[in-house]
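A.B. asks: When we follow the UniProt record's numbering, the leftmost residue of the sequence shown carries the number 1, and every step to the right adds one.
Because the hints were derived from the structure by calculation, they are not lab data. No false leads were slipped in.
No more than 20 Å apart at the CA atoms, straight line, and that leaves these computed lysine to aspartate or glutamate pairs for EDC-like:
hint	residue 1	residue 2
1	31	70
2	53	75
3	31	125
4	53	39
5	31	44
6	53	70
7	53	24
8	31	75
9	31	67
Keep in mind the model is a prediction, meaning the values are calculated, not measured.
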Amino acid sequence: MATPYLDPGPAAREAGPDQQTAVDKALTLLKSLAEHDREIGVSELARRTGLTKSTTFRLLGILQRNDVIERVGSDYRLGPRLSDIGAKVYGPTSLVLRERLLPHLADLYELTHETVHLAVLHDTDIMYVNKIHGHRPARCPSQIGARLPAYCTAVGKALLAFDHDAAEAAIAAGLPARTDHTLSDPGRFRAELRRIRQDGIAFDRQEATPGLVCVAVPIMGPAGRPVAALSVAGSQRRFDPMRFAPALRRVAYEASRAVQRG
Numbered sequence: 001m002a003t004p005y006l007d008p009g010p011a012a013r014e015a016g017p018d019q020q021t022a023v024d025k026a027l028t029l030l031k032s033l034a035e036h037d038r039e040i041g042v043s044e045l046a047r048r049t050g051l052t053k054s055t056t057f058r059l060l061g062i063l064q065r066n067d068v069i070e071r072v073g074s075d076y077r078l079g080p081r082l083s084d085i086g087a088k089v090y091g092p093t094s095l096v097l098r099e100r101l102l103p104h105l106a107d108l109y110e111l112t113h114e115t116v117h118l119a120v121l122h123d124t125d126i127m128y129v130n131k132i133h134g135h136r137p138a139r140c141p142s143q144i145g146a147r148l149p150a151y152c153t154a155v156g157k158a159l160l161a162f163d164h165d166a167a168e169a170a171i172a173a174g175l176p177a178r179t180d181h182t183l184s185d186p187g188r189f190r191a192e193l194r195r196i197r198q199d200g201i202a203f204d205r206q207e208a209t210p211g212l213v214c215v216a217v218p219i220m221g222p223a224g225r226p227v228a229a230l231s232v233a234g235s236q237r238r239f240d241p242m243r244f245a246p247a248l249r250r251v252a253y254e255a256s257r258a259v260q261r262g
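The whole structure should be built from the sequences, with the hints applied where relevant.
C.D. replies: Here it is, written out as structure tokens:
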């Protein structure tokens, strides 16, 4: 199936392709790379963004020299510098949590050997502040520094369940279905958050990405409110989220103690 043309955004649409600045075009390329979890070639990027191949190749070279993207053979993907920038967007708190909780994320990985995440809540989105890829990687949209709507992710629901204002803001903004499994009905979504508050564990049952399932628990801070969430993710075809719930609870408990000690 052909990938649809990538909408570059309202400002670029108003300007038209001939009036877009080099910055507009470079950002369009970055958005296209960010929407896919695999490397993409020049021809495909040019087709997706509506840019010429020569312009695409020239801008990719500039972005590569600045470590914003990296080349893998003849294809391209987002680079480490962009992840570092993304992780700093929301201030030092996320960076402190990332460093302090890295040993616990590593513990979770050693216990599961699956893809594990650390995420924080920002408004009604979650931001991934750390990630370790598992031995059997699954198709997963998460990247360090990237944001996703909280309502359709396990880490997001684990955090929204304990933040009434953020949960209501997410519901008020709408719960558009990203997949056939997304909880887009406000009543069902509120019931899910009530269950999470009771059980202390959240699930993503292919709600953000088809074929991907995830289990998450919050990390509680000194005030009894969650400061972040840990998750384990895998392919729906082989991954049983309940299998990893005990390990996730143990690691989150130790992580919460570390945060509360300061």
